[in-house]
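Enquirer: These are the residues of each chain, in order.
There are 2 protein chains.
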Amino acid sequence: MKMSVVQMVKIVGLGAVALTLSVEWLDWLFCRLWPRKISRGPLKEVYFFPTEVACTERLFTPDSPFPCPCPLPHNVNTSFTRLLGHILSASSSLDLCVFAFTNLDLSRAVLALHTRGIPIRILTDMEYTLITGSQIGVIRRAGICVRCDSGAVHMHHKFAVVDGRRLITGSLNWTLTAIQSNKENILVTEEPDLVLPFITEFQRLWDVNDPARRHLPSIAEKTASLVL
Amino acid sequence: MKMSVVQMVKIVGLGAVALTLSVEWLDWLFCRLWPRKISRGPLKEVYFFPTEVACTERLFTPDSPFPCPCPLPHNVNTSFTRLLGHILSASSSLDLCVFAFTNLDLSRAVLALHTRGIPIRILTDMEYTLITGSQIGVIRRAGICVRCDSGAVHMHHKFAVVDGRRLITGSLNWTLTAIQSNKENILVTEEPDLVLPFITEFQRLWDVNDPARRHLPSIAEKTASLVL
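Chains as they are written, first to last, in UniProt numbering: chain A, 1 to 228; chain B, 1 to 228.
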């Protein structure tokens with residue numbers, strides 16, 4: 001009977017080892033067979049541009065019973081439709097920090113989110129709000145909160161944080177040339193170690209560029225004016 | 001005795017559960033206490049610019065017994081010294097895909113790697129090789145392989161792949177203005193799902209911009225010239 005106790009322990013131990021090895025082996029096998037289909041941790045995607053031109057109407061009106069009559073290819077997934085999809089997926093917030101913003105589809109996406117009542121904050125370069133086709137005026141007039149970085153140099157970031165957890169960053173400005181002509185990249189991730197620093201930096205730049213704070217004289221300035 | 005077998009199984013089972021829970025709990029505790037110190041998977045870092053100006057000499061001559069006499073702060077870690085450190089850490093290859101390259105320290109780093117015999121490939125925008133202070137000429141004259149994207153639009157990428165496994169990407173061009181004045185970001189990662197697409201895209205652009213391929217007439221062109 002003593003032998004059977006030892007056997008039982010051996011069986012349980014071997015069973016545990018066999019189970020662990022099986023799980024590891026199956027994991028390895030699945031990753032080898034379908035390397036892209038197995039999701040490993042948080043979202044991680046990379047898109048390159050220029051992208052082929054395709055109709056984006058279904059992203060804005062997914063429930064429409066009428067097919068879009070435009071001559072562009074329909075139901076095609078491109079780097080741009082994926083970017084647009086990520087922006088339109090926002091359900092609680094959109095923080096956007098972008099150097100140049102002239103793209104009409106992305107402007108439409110931002111306005112659609114605003115109509116849905118989603119809080120949006122946009123930080124952009126003061127000088128580049130004046131370029132031809134800039135969408136910043138349209139967005140501001142719609143009532144979306146925009147702050148401009150008016151430093152002597154460029155606010156050259158091109159990133160967005162969707163719902164406080166999904167980061168979209170890269171070389172791509174939100175312009176038609178960048179999307180349809182330039183060689184560009186964007187990286188989309190929900191990896192907290194990468195997203196959190198961008199959230200902190202956005203908040204820092206947002207606070208620094210608060211117009212109220214910019215025009216508020218400091219105590220030192222007030223004292224100096226009294227002395228003068 | 002039958003009871004003791006059941007007890008033994010129970011003890012082994014409970015032991016396994018307790019061990020698993022302890023490991024999970026300790027992991028949770030360490031992450032709460034030292035969230036930044038615990039490395040979770042592949043390298044993931046984010047740096048923002050502009051960065052404070054600091055001496056970079058120790059990165060180039062770490063074994064020098066003489067302290068650098070320059071007036072800049074020494075032994076200071078900045079976003080730029082970290083970027084430089086990542087570039088200088090290359091031990092087997094450096095693939096660089098950058099729109100504008102005028103920064104002297106980064107140029108020195110690339111030349112230092114070349115002196116060490118590390119294979120370097122640089123892909124850049126044709127138009128931007130002509131800007132004042134461009135380092136592309138210096139690098140090319142040193143014998144480093146450079147290819148220019150001569151498309152009508154911009155090769156606007158700003159990424160590097162170190163040793164085929166470490167990606168450095170973001171909004172930052174390799175210029176002094178970008179590093180010391182602009183608001184910029186870079187993201188450094190060894191996450192394969194993010195690095196591999198950049199490696200593939202680099203190779204694609206490298207092949208597309210092969211000067212030999214560009215000037216090689218196709219069979220159709222040859223036939224046309226024969227007919228004419």
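Read the hints as simulated data drawn from the structure, not as lab findings.
Mixed in with the good hints there might be a few duds.
Cross-link-like lysine to aspartate or glutamate pairs, in silico, EDC-like; alpha carbons within 16 Å at most [said to hold, decoys possible]:
#, chain 1, residue 1, chain 2, residue 2
1, B, Lys44, B, Glu190
2, B, Lys44, A, Asp163
3, A, Lys44, B, Glu45
4, A, Lys44, B, Glu190
In silico negatives: residues of chain B with every beta carbon more than 10 Å from chain A [unchecked claim]:
#, residue
5, Pro50
6, Val53
7, Pro62
8, Ala178
Remember, predicted model here, so these are calculated numbers, not experimental data.
Built from N, CA and C at the ideal position, the CB exists for glycine as well.
Enquirer: Would you mind marking each hint as holding or not holding in the structure?
Expert: Hints, verified against the model:
no.: 1; hint: Lys44(B) / Glu190(B); verdict: 7 Å, holds
no.: 2; hint: Lys44(B) / Asp163(A); verdict: 21 Å, violated
no.: 3; hint: Lys44(A) / Glu45(B); verdict: 15 Å, holds
no.: 4; hint: Lys44(A) / Glu190(B); verdict: 12 Å, holds
no.: 5; hint: Pro50; verdict: 8 Å, violated
no.: 6; hint: Val53; verdict: 14 Å, holds
no.: 7; hint: Pro62; verdict: 28 Å, holds
no.: 8; hint: Ala178; verdict: 7 Å, violated
Violated hints, listed in ascending order, are 2, 5, 8; each of the other numbered hints is respected by the structure.
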